[in-house]
Amino acid sequence: MSLLDKLRAIVGPAHVLTGVDLSPYVIEGRTPEAAVLPGTVDEVAAVVAHAAEAAVPIMPWGGGSAVGVGVPPARTGLVLVLTRLGAIVEHEPGDLTVTAQAGITLATLQTALRARGQWLSLDPPDVECATLGGVLAANAAGPRRHLYGTARDLLIGVSVVTADGALVRGGGKVVKNVAGYDLPKLFIGSFGTLGIIVEASVKLRPLPDDERLVAVRFERLADANAALRALLTSDLIPNAVDLLDAASGAALGLPANAATLAVGFDGLGEQVDWQIAELAGVVVPCGGAKPTVLAPATWPRLASAARDAFEAPAAIMTLSVLPGVVVDTVEQGAEAARKRGLASAWCAHAGVGHLTAALRADGPRQDPAPIAAVLQEWRAVAHAGGGHASVTWAPLPVKSALPVWDDAGPAGRLMQRIKAHLDPNNVLNPGRFVGGI
Amino acid sequence: MATLTATRKSALRRELETIVGSGGVLSEPDELLVYESDGLTLFRALADFVVLPTSVEQVSGVVRLANREDIPFVARGAGTGLAGGCLPAEGGLVISMMRMNRVLEIDYDNQIAVVEPGLVNLHLSWAVGPRGFYYAPDPSSQQACTIGGNIATNSGGPHTLKYGVTVNHVLGLEVVMPDGEIVWLGGKTRDALGYDLLGVFVGSEGTFGIATKIVVRILKKPAAVKTVLAVFDRIEQASMAVSAIIARGLVPAAVEMIDQLTIQAVEDAFGCGYPRDAAAALLIELDGLAVGMEVQAERIAAACRESGAREVRTAANETERQLLWKGRKSAFGAYGRVSPAYMVMDGVIPRTRLPYVVARVNEIVAAHGLRVGNVFHAGDGNLHPNILYDPRKAGEEARVVAAGAEIMKVCAEVGGSISGEHGIGLEKVDFMPFIFSAADLALMQRLKDAFNPRGLCNPGKVFPTRKSCVETGPVAYRPHAIETQGLAQRF
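Protein sequence lines correspond, in order, to chains A and B.
Just so we're on the same page, our numbering is the position in the first sequence counted from 1, plus 457.
Just so we're on the same page, our numbering is the position in the second sequence counted from 1, plus 531.
Misleading hints may appear alongside valid ones.
Said to hold, decoys possible - In silico lysine to aspartate or glutamate, EDC-like type, Cα no more than 16 Å apart, as pairs: (1) B:Lys752 to A:Asp692; (2) B:Lys719 to B:Asp638; (3) B:Lys751 to A:Asp692.
Stated by the list, open to error - Computed from the model, here is a short list of chain A residues facing chain B with C-beta under 10 Å: (4) Ile645; (5) Leu651; (6) Gly843.
Just so you know, the hints here were simulated from the structure itself, not pulled from any lab data.
These figures come from a predicted structure and were not determined experimentally.
Virtual Cβ for every residue (Gly too), placed ideally from N, Cα, C.
The whole structure should be built from the sequences, with the hints applied where relevant.
Have a look at this one:
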């Protein structure tokens, strides 16, 4: 029996896609050999076991919102689609935890949680299609990470199908747990290279009584820097502190100021009122305008503001630096692009030193060389700021012109050893991740 | 452990002295005895040498020598652990980190500090306190325990309910790998590149290597703090109040429960103002903005009253607040008033199962003819039943151990875990199958093999291994001086 026949026997013929049905799963111009949509955890395990036995590489696929991240696979074998695993397994509000299957979209999960007065404090872009498993595998986050952290602060348990088709659980369903190694941490941000997340347990938070997002506009980037420093050392407890340059601000429909700080507050109504009033006293002396309240609909667009600034970006890069040099990074990065005649857009979760930058494409057949050169300069800026930078989206010619991932140094060798121990035959998303993993 | 011949031992001693200096190697039996156990005195194991390095190069040199000689080694901080995790289970070297105890760098702009592993947890908060900052993880041994030890066990504490445990506050580690290579995991930025090696290292109980530099986040002290004491006539009411608080959309900084036996011991010892006739009390702390604090305190009081609290009061001032916390933090020391010894358990359950499990714990201990005091992190569902016993009475210690195993089974049955903050160490190696399948353990073993392929780095912990030479047996629990003074406790 061929592999495809075996897969059809496991998941049913309707859930094995081939030929023209594969068009939604074309990765960087390459069509996979098949797409499989298992309906249960056991089916995922069986599919992986059979594919691994046939040495066919497997690319796990949630909502597809991060499939452009990383090095494209050398061989696009099997796309393993998890969207049929969309159930909430257990939600006990009194425990402030939920267990759900990996394929549930973040929007669906949040809606169900909100109905019971709670939420998962992860707000990456594209929640309508991004799945819980995908968000964890890509370690995606959004503006509220300023106060509430990222997946590593929220994930308490994970079920994973490993490269040999075994179902493995790490962590548990309780909010505090030091029994055994912290396997959930291992799978966060691992882009499906160590195992396929099929179920996850996360910590929740009660919905706040009130939440508001305010904008503070600046005529000069340097003033925004001073205001940021003042804000981060004040008594205020914002849940988001995002910095947007003019191009990213325009993507949100904000006026064309040199810079805008988007600051979020939540809590009791009186706490939000007090903090917004207090914020004016912090930012106005630094040259900021009086804070204005933004529409709640602005929230989900913050994290993707740089990406959305240009209709067809030429490349998108994510930079991680010390929070204190975020504004310098934006200035130097924008200048590096300008020098080569390219427009850029920047947005940053400024309090935690996480930046996203986009380059504008000038035409359909753009020379990849200057784009790659700017990205290399951005990477150098990040290194000077004590951090690192990786390309999160770019056309293949650009990705071929520079390393997509930054260099992990000696730790990279340890990562390769872990990969070799957990996926010795290199069937899970081979070659996609840091250091050729 | 005398597995080394006298000749080999004296040659090794000379080589170790070349690396760390003559004052940095201990091998006399009376010197080694100090390092034979940690806070869990049930287990004891003697090292061949205790080595006290002062730099990462020395740690790496010692580890490389151990590899060449094929002898096991284990890093040790202050020895306040409660699972036997830092014992030299198969002999060899104890590498004490206590001479590497400096604060290397404080960066207030980026709200981070770089410290050495032997730094005492509380000393970091002292160092950054004058500028209005603190280090959030606050294990109750924080007056003595080291940040390196906190890394190994992923320590918690009362305020982890709101602020998270150690791993949520560490950004980077310089590590001497089990083969002696020096590697940075993570760094100073919030996001690391590639796999979260830092995240899996923290809490690996010293089996993945030895941390030699630690980058931690420091937080601004909250503008306001309010501490509430809720008093209950039945312990189930206190348990139910925990879920009632959560259900009202409140996440306090800490929610701690203290039962009657413990209250009475504390009041006998220190007189902290807890009502002696209460079945249980909840100590609840709110922190954050001054604005809105009153409203939140009222919501908490209402949740407690609805659950049956007979009294809810707020600490009127900082002195009263400190006194209430002293009662909580000195509870373990106070058990000395009511029992010659006790053994502290550590398990975690979903918060909503507190009423059931607290009752089961009391039944189990009673069925073994013993008494139990409960003082624990109720908000996290992290139980600490303290089983009281007399080690001079034959068979009593064995009954404590048996009751402990049953309690762990109950935690596992309700979907919980066998350790919330103490770790597996030697103590709970055999309990791992209560919550993990063979496949789960096999994956953990593969991960360990990637970090520690020769198994020389802290063998015998977390998983069972072959040649353990650990002794167990009755040794009376001896409270540390800081416990008897009510300054800190073991939990």
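Each hint, compared with the structure:
no.	hint	in the structure
1	B:Lys752 to A:Asp692	holds (9 Å)
2	B:Lys719 to B:Asp638	holds (10 Å)
3	B:Lys751 to A:Asp692	holds (8 Å)
4	Ile645	holds (6 Å)
5	Leu651	holds (8 Å)
6	Gly843	holds (5 Å)
Consistency with the previously given hints is maintained throughout, with no hint failing.
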